[in-house]
Amino acid sequence: MTAPQHHHDTLRWGVLGATSYIATHLMPAIAATDGCALSAVASRPERAAAAAELGRRFGATVHRDYAALLADPGIDAVYIPLPNTGHVEWTLRALAAGKHVLVEKPMAMDEDGCARIEKAAEAASRTVMEAFMYRFHPQQRRAADILASGEIGELRLVRASFAFRIESGSDNIRLDPALGGGATWDVGCYAVDAPLLFFGQAPERVRARFSSRPGLAVDTSAVATMDFGQGRSAVVDYSIDYGPRAAYELQGTHGTVMVRNAWAMDAEDGVVTVLTQDGVREETVPAADHYRLQVDAFARAVRDGVPAPMSLSDSRRTARVGSALVASAAAGGAAVETSDDAPEPR
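In terms of my numbering, the numbers along the sequence shown are unbroken and rise by one, the last being 452.
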């Protein structure tokens with residue numbers, strides 16, 4: 107993809123869904139980003155009143171359903187935050203309609219779904235990116251810069267812990283197995299992504315143990331280890347039983363970098379702590395809206411015809427590791443191979 111892929115000055119967005127999460131985080135981010143406009147919204151019939159209210163608030167057209175929004179020739183890009191089981195289908199439908207797509211994580215719950223999306227994106231010459239907003243906060247770049255500087259030596263271990271509690275009986279879609287619920291495909295995506303991001307590769311193998319809160323049919327907590335070879339590892343935990351927690355540590359041969367609030371919201375400064383033999387220092391990273399930075403990065407990729415910063419191969423890797431954690435837990439914590447040269451999905 108080298109040529110810019112649309113010819114308007116403004117990238118006109120449509121949003122599939124009308125939940126409070128979308129209304130609080132993504133819609134304002136789209137509306138506030140230079141060169142982007144929130145042009146349309148669609149919802150399920152039972153959310154029609156919420157969609158109408160959002161349409162009024164953002165000056166967006168309200169479509170009767172998702173398919174009608176995709177058929178709107180005035181829309182260049184769509185954001186898809188539907189339940190996990192709908193991500194592949196609606197991403198493929200959006201690509202078939204000629205739209206660029208920002209799809210909520212997980213892009214797919216197996217590597218094959220990501221491969222199908224990659225093929226369709228190529229055929230349509232459209233940009234697709236999985237939404238990992240935490241990657242766009244400047245504190246992640248700062249942590250990566252400290253690691254690259256050699257100050258903490260060679261990276262040996264990543265510890266990542268991502269969790270927030272969801273109450274039983276709350277009708278939250280994350281508690282519904284039929285909608286791809288559970289901790290692994292929700293907060294687990296972040297816990298998995300952090301070590302892959304900093305090691306820059308898939309682990310060779312993973313082991314996981316899941317637990318489920320009594321009365322729930324989805325995994326609600328997990329502890330997993332990842333073996334990256336050459337003595338390099340990751341230890342991750344994630345949960346919808348406890349929290350909130352969104353922290354990771356990069357352990358090098360000569361020191362540690364800690365980010366204790368990887369989900370810092372737009373009014374919160376980021377804090378990066380560096381611990382070496384010379385002592386401890388805390389660096390403050392000025393507050394930033396990582397949702398807006400994510401939208402801006404995606405829009406830039408579309409405009410310039412360059413690959414999105416969260417690449418489709420990154421997404422395939424995350425899906426492969428997530429699937430392997432599920433397989434390991436089902437096998438009582440047995441090791442499951444996940445390396446980048448593992449067999450291609452059929």
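Do not rely on the hints blindly, as some may be mistaken.
[What the hints assert, rightly or not] In silico lysine to any residue, SDA-like type, Cα no more than 25 Å apart, as pairs:
no.	residue 1	residue 2
1	Lys-225	Ser-417
2	Lys-225	Pro-187
3	Lys-225	Ala-393
4	Lys-225	Ser-445
5	Lys-225	Ile-258
6	Lys-225	Gly-192
7	Lys-225	Leu-188
8	Lys-225	Glu-260
9	Lys-225	Arg-406
10	Lys-225	Gln-307
11	Lys-225	Trp-196
12	Lys-225	Pro-189
13	Lys-225	Pro-413
Hints in this document: simulated from the structure, not taken from any laboratory.
The hints, checked one at a time:
1. Only pairs whose Cα atoms come within 25 Å are accepted, and Lys-225 paired with Ser-417 is accepted, the gap being roughly 13 Å.
2. Restraint check: the Cα-Cα separation between Lys-225 and Pro-187 comes to about 21 Å, which is no more than 25 Å; the hinted pair holds.
3. For a cut-off of 25 Å, the pair hint linking Lys-225 to Ala-393 is broken: about 37 Å separates their Cα positions.
4. Of the supplied pair hints, the one linking Lys-225 and Ser-445 holds, its CA atoms being roughly 22 Å apart against a limit of 25 Å.
5. A hinted pair counts as satisfied when its Cα atoms are at most 25 Å apart, and Lys-225 with Ile-258 does not qualify at roughly 40 Å.
6. With a CA separation close to 18 Å, the supplied pair Lys-225 and Gly-192 stays within the 25 Å bound.
7. A C-alpha spacing of about 21 Å is found between Lys-225 and Leu-188, which places the hinted pair at or below 25 Å, so the restraint holds.
8. A distance of roughly 36 Å separates the Cα atoms of Lys-225 and Glu-260; the hinted pair therefore is violated under the 25 Å criterion.
9. Between the alpha carbons of Lys-225 and Arg-406 the distance comes to roughly 22 Å, so the proposed pair stays at or under 25 Å and holds.
10. Taking the CA atoms of Lys-225 and Gln-307, the gap is near 22 Å; set against the 25 Å cutoff, the hint holds.
11. Restraint check: the Cα-Cα separation between Lys-225 and Trp-196 comes to about 15 Å, which is no more than 25 Å; the hinted pair holds.
12. The hinted pair formed by Lys-225 and Pro-189 meets the criterion: a straight-line CA distance of about 22 Å does not exceed 25 Å.
13. Restraint check: the Cα-Cα separation between Lys-225 and Pro-413 comes to about 14 Å, which is no more than 25 Å; the hinted pair holds.
The structure is inconsistent with the numbered hints 3, 5, 8, although it conforms to all the rest.
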